[in-house]
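Quick note, the sequences are listed as chains W and F, same order.
Sequential numbering of the first sequence, starting at 1, is according to the working numbering.
Sequential numbering of the second sequence, starting at 1, is according to the working numbering.
If you are wondering where the hints come from, they were derived from the structure by calculation, not from laboratory data.
Fair warning: there could be bad hints in the mix.
[Unchecked claim] Computed Cβ-Cβ distance ranges for the label pairs, DEER-style:
1. F:LEU316 with W:ALA197: 44 to 54 Å
2. W:GLY178 with F:LEU316: 27 to 37 Å
3. F:ARG37 with W:ALA197: 47 to 57 Å
4. W:ALA197 with F:ASP290: 36 to 46 Å
All figures in this text were calculated on a predicted structure; none of them were measured in a lab.
We put the CB at the ideal spot given by N, CA and C, even for glycine.
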Amino acid sequence: MHPGAVVPNPPAIEVAGVTVEFTGLRALDGVSLAVPPAGCFGIVGESGSGKSTLLRPILGLQRPTRGEVRIEGTLQPHRRDFRAQARLVQPIFQDPALSLSPRRRVGQSLDEVGEALGEPRDALRARLGGVFERLGLQMPVLDRYPHQISGGQARRVAIARALLFQPRVLIADEPTAGLDVSVQGDLLNLLQEIRAATGVTLLIVSHNLAVIRLIADRVAVMQGGHIVEEGDSRSVFDAPRSDYTRTLIASWPRGQPVEATG
Amino acid sequence: MTDSPPIALQGLSVDFLSAGEPPARALRDVSLTIPPRSIVGLVGESGSGKSTVAMAMMGLLAPNARVGAGRIDVGARRIDCTDGAALAGLRGRDFAMVFQDPSASLNPTFTIGAHLHEVLRTRSPGSDRAERQERAIEALRTVGIDRPEARMRNHPHELSGGMRQRVVIAMALLARPRLLIADEPTTALDVTVEAQVMAEIVALRDQIGCSILLITHSLGLVARYCDHVSVIYAGEVLEYGPVAEVVHAPAHPYSADIFACDIEIDAARAPAAAEQRFRIIPGNLPGLRDLPAACIYAPRCRKAVPACTAGHPALLPLTDEPERETRCILAR
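Okay, chain F solo, but in the shape it has when bound (with noise of 0.2 Å):
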C-alpha cells in the first residue's frame, strides 16, 4: 500500500448572519488531519459546530453562513473553503456523506435502483445499463440487503430506517469517494441496528479504502470505532489525538469532563439504585457573537487558572507527544 497523504482540513472558520445582530462566530479555525484508511472521530456536544464542519466540508451551508477562511487538502489539490464551485468538484467524487436520516439523501419518487444507477452514471460515464445493474445489485448484496434485486425497484418508504442507511452506503460504495463523511450515521437507528451499520461502513473502509470522518456525539462509538479523535467545543477543536491516548490521558479538561459523564454500559455502579448519582458539566456554552479572548471552557474549568483567560489559547502539540495536540495551556 502507497503512502497517500492524508486529506487535511485547515484553518476553517465559519460565521453565521443574522440580520441586526454580531455575526455567530460558528467555527474558529479548525483543522483535522484524516489519514488514509482511517477512521477519524469528530466528537462534539449540540452547538459544537461538528455538522457545519461536516457541510462546509461538502459545501452545503446554509445561505446565511460565511465561510471565512479555510483550505481542504485532498491527494496533490488544493481546495480553498470559500470557493463553493471548487467544493462542487469534490462532492459525490472524493468526498461521500450519510446523514443521520437517510431520508435527506434519499429521493422519495425515485427507486433505490435509480438512486443507485445515478450515482454509477456520475462516476462511470462509460458502463451500460445492464453493467450498471449488476453493480448495483452487488452493493446491495454487499451492504447485507436481501432480496437486492427485488429491492432495486422498491421506493425509499419500503424499507426500515437500518436497511435505508445501508442504501446510502451502497450509494457510497458505488462512488468510491476518498473520505466518507458519516454526520451521526447511527444515531436514528436502534442499538442492534447501530452495530451492523457501523460494521457496513468500517467494511466500506476495508473494501474501497476510504478514510472515514465519523462525526458523532457518542463516546462509545468513537472508543470503538475510531483511530484518531478530534474533540470540538463551542466551535473549536479543543484536543486531537490518537484515541486510545486520548481517551485514556485526556490532554483537555472539556475531554475528560465529557468522558466522565459519558454512561458506560459497564460503568461503576453504587450498592443500591437508589444511591446512583450522575455526574454533569456545570455552566452552560458560551455565547457565538461575543466570545472572550480566552480559553472557551475556562468558565467552566474545574482546573481553571488565571492564566487561562489571559489570553485565547491555539492548538499546540504536546511536548512528550508530538502527534496530539491541545488548546490547554496546562496540559503543556
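Chain W extracted, bound-state conformation (with noise of 0.2 Å):
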C-alpha cells in the first residue's frame, strides 16, 4: 500500500503496519494494505513470502506483533462478539476436508451455522436451500458424511458453510492447488457467480499468478514478509514495478498460445 494510494470507498479490509514475529522470526514486517469492498483482491507470492501469515490476523486467528488489522472498521480479533466476528469474515480453505468433521454427517456440520448465528434450525435449513442451488449441489448430500461424497462436493459444502453465514469478506487461501486444470474453472466460475450475487468482498491468496491475473480486480505481491507492489491487476502484470514481481512473471512457464478449436 502506498501512502498516496486513493481508496474510493472505506476499504473492507484495512491492514495497518501489522508485524507478525514467532520465535527468531518476522514473518510479516510492517505490511500495509487496504483491500476495497465488494471486489476480488488477489495476494501472490512464493513461500515464505507471508501471504498465509498475512490471512491470520485478518481472519482474527492471531493478534498481530504490532499493528492492527480492522474489517469494515471494526478491529480485529472480535471475539467478545462471535456471531458478528462470523459474518465479518469466512474463510474457504485449500483442503475442504478442515471444514468438515468426519464423524458429522454434512448437514450436522452445516447445522452448526444456525448454532454459531443463534439461528433456528428451519430458518436456516430454509436459507441452506437457496446456498445449496446457487452452488449446484443436492440435497441428499446432506445426510452423507464427508467421506461419501466427491472432492468437488466437499469443497461446495464447505463454500456453503461459509456462504450461510453471509460474511462481508470471504477468504480463499490457494483455492485451486491440487485441482486439475479442467476443472478449477468450475471454482473460480462459482466464486464470481457469488460475487456477483452478494457483493461480499472476496480475498484470494495463490501462487497461480495465471489465475489471479484473470480474476482479482487488484493485486498485492508479497515477499520475505513485505509487500513489494500493490495496485490494479492490469498494471501490476501489464507493468510491474518491483523487480521481483517482474521474476515471478518471467518464471512462470508459458507455451505458445493455443487456440481453441471449434
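Given two chains presented individually in distinct reference frames, assemble the corresponding complex, making use of the accompanying hints.
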C-alpha cells in the first residue's frame, strides 16, 4: 500500500503496519494494505513470503505483534462477539475436509452454522436451499458423511458453510491448488457467481499468478514478509514496477498461445 | 553424433487388483517413443495413469499391480515389462528417476555425500574414495549448489526443497542414465525455483546426452521444454506428436479441451475481472473397472458422433502427418 493511493470507499479490509513475529522469525514486517469493498483482491507470492501468515490476523486467528487489522472498521480479533465476527469474515481453506468433521453428516456440520448464529434450524435449512441451489448441490448430500461425497462436492459444501454466515468478506487460501485444469474453472466460476450475487469482498491468496491475473481487480505481491508491489491487476501484470514481480512473471512457464478449436 | 535408436515403450498394460472387485484397468496399450537426447512430455490429469507409466518402467509398481503386457526397447536390448528382475537391471543404470518429492529419493539418515558416493560405487566400481569425492563435489557444483564441499556433509533436511531436487539431479548426473524419468519434478517448488530446476534438467541432458521423459500436468512446462508430447487420459494415450503441432492443432478433442482450460499467464482477459469466466470439461473420468468398447472420451466430447461409440479406436498415424498419432476417428 502506498501512502498516496486513493481508496474510493472505506476499505473492506484495512491492514495497518502489521508485524507478526514467531520465535526468532519476523514473518510479516510492517505490512499495510487496504482492500476495497465488493471486489476481488489477490495476494500472490512464493513459499515463505508471508501471504498465508497475513490471513491469520485478518481472520482474527492471531493477534499481530504490532499493528492492527480492521474489517469494515471493526478491529480484529473481535472475539467478544463471536456472531459478529463470523458474519464479518469467513475462510474457504485449500482442503475442504478441514471444514467438515469426518464423524458428522454434512447436514449436521451445516446446522452448526445455525447454532453459531443463534438461528432456528428451520430458518437455516430454508436459507440452505437457496445456497445449495446456487452451488449446484443436491439436498441428499446433507445425509452423507464427508468421505461419501466427491472432492468437488466437499469443496462446495465448505463454500456453502461459509456462505451461510452471509459474511462481508470471504477469504480463499489457494482455492485451485491441487485441482486439475479441467475442473479448476468450475471453482473459479463459482467464486465469480458468488461475488456477483452477494457483493461479498473476495480475498484470494494464491501462488497461481495466471489465475489471479484474470480474477482479481487488485493485486498485492509479497516477498519476505513485505508487500513489494500493490495495484490494479492490469498495471501490476502488464507493467510491473518491482524487479521481483518481473522475475515472478518471467519465471511462469508459458507455451505457445493456443486457439481452442470448434 | 551417431543416431542411436529411440527408447521405445510398447503396449504397456497394467491392472490394479483389489479383493472382491473387477481389476481396475489403469493402463491399456500405452506406447511411447523417446528419441535420443529429446525431451518427451507425458501430460495428463489426476487419474490418467501417467505416474503408473513411470513406476512400471522403473519396476516399482505397488504389490497389487499386475503388468499384463509391455516391453521396452533400450539400445539393442528388449526388456519384458512383466519381468521384474529385468527391469531392476535397468534401474539406476539405464533409467534414473526424479520424483515430485525429492525426499522420496533421499534417505534422511544419510548425508548428501553418502548418496552421491553410493551412486558412484554402483556406476564406477573401479573408482577410489578420493576420486568419488571429487566427482561428487563437481556434480553438486554443476547443478548450481553453493559451497558443495560443505553441502556434502549436510543431511537432506538441512536443504530447501529446490536444493534437495538439485541433489537428486546431481545423482542422476553421476549415474549417467540413458533415460531420466522426471515425474512432476517441479510441482512442489515455487515458480522461480521451478525455472531453475528445469534449467538444470535440460543442462543434464546436454551434458550426458540422455533422453528425458517429463511427466507433468503442466501444459506450460510441456510447451516450453518438450520436443514431443504424449497426451494420456484415463489410462490411454489419446495423442502423440511434436509439441508445436500438438499444441497448435490438436488432433484429439481431449487435447484441444485441456489446452483450452489451461490458464496461461498471457491469456485473453475479460474487460473487467468480475466478468471473467473460466473453461471446464464437463463430466467425469470413466470407471476403470467397467470400460466401454468405445472411445473413452466420447461421453465428455463436444464433437462425438455415433461412430465414436461403435468400437474402441486404436492409436493410429494421421494421414497427412505420419509422425503424429491420435485415437480420434474424426481426425483421420
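Hint check, failures only: Violated hints: none at all, because every hint is consistent with the structure.
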